[in-house]
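Asks: Fit chain B to the supplied structure of chain A, relying on the hints for placement.
Protein chains: 2
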Amino acid sequence: MKQQTFAFTRSENLKQKPDASTLQFGKVFTDHMFTMDYTAETGWHDPQIVPYAPLELDPAAMCFHYGQTVFEGLKAYVTKEGKVLLFRPDKNFERLNRSNDRLCIPRLDEEVALEALRQLISVEKDWIPTAEGTSLYIRPFIISTEPFLGVAASISYKFIIILSPVGAYYKEGINPVSIAVENDYVRAVKGGTGDAKTGGNYAASLKAQEVAAASGFSQVLWLDGVEKKYIEEVGSMNVFFKIDGEIVTPQLNGSILQGVTRDSVLQLLKHWGYPVTERRVSIAEVVQAQKEGKLEEAFGTGTAAVISPVGKLFYEGETYEINNGVTGEVAKRVYDTIVGIQKGELEDTFGWTIEVN
Amino acid sequence: MKQQTFAFTRSENLKQKPDASTLQFGKVFTDHMFTMDYTAETGWHDPQIVPYAPLELDPAAMCFHYGQTVFEGLKAYVTKEGKVLLFRPDKNFERLNRSNDRLCIPRLDEEVALEALRQLISVEKDWIPTAEGTSLYIRPFIISTEPFLGVAASISYKFIIILSPVGAYYKEGINPVSIAVENDYVRAVKGGTGDAKTGGNYAASLKAQEVAAASGFSQVLWLDGVEKKYIEEVGSMNVFFKIDGEIVTPQLNGSILQGVTRDSVLQLLKHWGYPVTERRVSIAEVVQAQKEGKLEEAFGTGTAAVISPVGKLFYEGETYEINNGVTGEVAKRVYDTIVGIQKGELEDTFGWTIEVN
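Protein chains in written order, with the numbering used here: chain A, 241 to 597; chain B, 241 to 597.
The hints are simulated quantities; they were obtained by calculation from the structure and are not laboratory data. From a predicted model like this one, the values you see are computed outputs, not experimental measurements. Where a beta carbon is used, it is the ideal one built from N, C-alpha and C, also for glycine. Watch out, some of these pointers could steer you wrong.
Derived BS3-like pairs: lysine-lysine, alpha-carbon spacing no greater than 27 Å straight-line [to be verified]: (1) A/K468 / B/K469; (2) A/K430 / A/K331; (3) A/K398 / B/K267; (4) B/K583 / B/K257; (5) A/K583 / A/K267; (6) A/K469 / B/K469; (7) A/K468 / B/K430; (8) B/K365 / B/K257; (9) B/K430 / A/K430; (10) B/K468 / A/K430; (11) A/K331 / A/K320; (12) A/K469 / A/K255; (13) B/K469 / A/K430; (14) A/K469 / A/K267; (15) B/K583 / B/K365; (16) A/K267 / B/K398; (17) B/K572 / B/K510; (18) B/K365 / B/K430; (19) B/K583 / B/K320; (20) B/K510 / B/K534; (21) A/K583 / A/K257; (22) B/K398 / A/K398; (23) B/K468 / B/K534; (24) A/K331 / A/K398; (25) B/K430 / A/K469; (26) B/K531 / B/K255; (27) A/K255 / A/K267; (28) B/K468 / B/K531; (29) B/K267 / B/K257; (30) A/K468 / B/K468; (31) B/K534 / B/K469; (32) B/K331 / B/K510; (33) B/K468 / A/K469; (34) A/K267 / A/K365; (35) A/K267 / A/K320; (36) B/K583 / B/K331.
Derived list of chain A stretches under chain B, where covered just means 3 residues or more per stretch with a C-beta under 8 Å from a C-beta of chain B [stated by the list, open to error]: (37) 379-392; (38) 430-437.
Chain A on its own, in the form it takes in the complex (with noise of 0.2 Å):
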């Protein structure tokens, strides 16, 4: 199977591509989309590439009721010598079966996975814009389609692969944003489903979300839900700090994800030799070295931005500014090299960007 082509059936009614001045993130979708189906009897059937349309599910469809999805999400750019690349999307079908494992969802071949991903792309590669701070969003994600009321994994289920083509996924860009620290509600704790990218755990964030952005925020860093003490991510995004010269971001405990641009992260940081750990950082010591004047900077990676600089952190009733308000100096760079890859318009020594035909 891994080296077939999938069955294509092509649109006859192809949509006018939108301006890319005015791309918002994640509301257009391209012409066709990748569906395969999966039973008990015959396991992953029926790959095709197929305009893309409404699905069709029983209102008894699991999906709907037992929250049993999982999804990812990854960007296609186009060089200037008009290459495709995509960025490290072995990564996200590794960590889609993690999820999948974890949701007692079948595994993918994550192979046929990727070579479904390529064959999408390269149909609908003229759907990938161009403009700066633009790119083409990816979307696989796997739903469950049994209709059955009881509690209990599915036996059918659908994978899906969605294209969008986006402009910034934060209107500030890399412009810091404001966050505020989160103390009532909770986004996941070790034991649940916090490192697995599944519906659950981002409806579980809306409330907290909606409450900050009435105060003025745009973002909640999330502590952890036993202690209340420690930081596990921001909004829907790793984080990092810069304290005194240390760049530290919470360790990998269960209940945070593992963001393929936080270890990306990682990778360059290290690479260009600063002081990087993987450790419990609490709100009390960020807050202490904001107040010796020790808290550098702060910033969020994700996919959806990149990276997002912290620029403003309210905390028991304070505001804080980190770095002046202003995007740091390691946010800056990381930013600009991810991107820079990404664009293939820097080398690629890590080899993480991968070329559709």
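Replies: Okay, now just chain B, sitting in the frame of chain A:
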């Protein structure tokens, strides 16, 4: 709107009704469903009863990605006199709105929802099975439908009610089940979504359930996510213990679902004069009571099974047989009473049932 008769499109292909003796749980659905849409501009609108049919949703619909869904479960019964009874449906729609609040989904008018249910049941009343142990299971649910890949609350939703004639939820019926205490996985934590009826909680539970089932246990006993000491729920039910004459159930703490059956059981037990306490119950206390011969009963409570006695409890390598593995007197009494009231065979002194015309 409350007095209105909702638009009704009758199905032109009525299904054959299943043989009551072969009914399983939640696998067969009736001829019609109720649907109502929400958009930010119009609010909830277009309530209607339509033929049961697949939902058509954009592949980017947020419910497939970010888990912003809520649901309820309740049952309808036909009495010997042919009256159709609902059991405390007002409590379900109250809870649906509490779940909506937690998940950032716009509230429903509870009276409209109840009227929708009445009219749908009225259309489908011939689908209510009458054999022992059977009923018509009702599944109201809300899904987020906006086609958007940003993590935010959706701006559009669909509220749907589907109906399923069901047999007993557990093949064991009122017979005792074997359960295992879960030490690794966590269902929910304070600050999370454990007290909302949303998909993510159920998705998080599947893995532990799979592990327990592989060892021959039919359910998992969930401990709190913070200290892993205190009992929260059993499977997808609330749980009660009778220890040395006192009946205890874990107090509502933000991570435990506020069960309608739990509340009914509490009211009945108090009415009958049993000493009943809602408090923290540790697994250590339960095991100690068992060792001292003071653990008289354990049972789960939920809409699907009503009452599910626990016959065996596995914890830290030991299997404990509760009440010699047979259904206890209290479990039997609350089961018979609640089912008797639900079916109109016992006097409804609490005013729990509502008749559908």
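Asks: Under the constraints set out in the numbered hints, which ones does this structure not fulfil?
Replies: 12, 14, 18, 26
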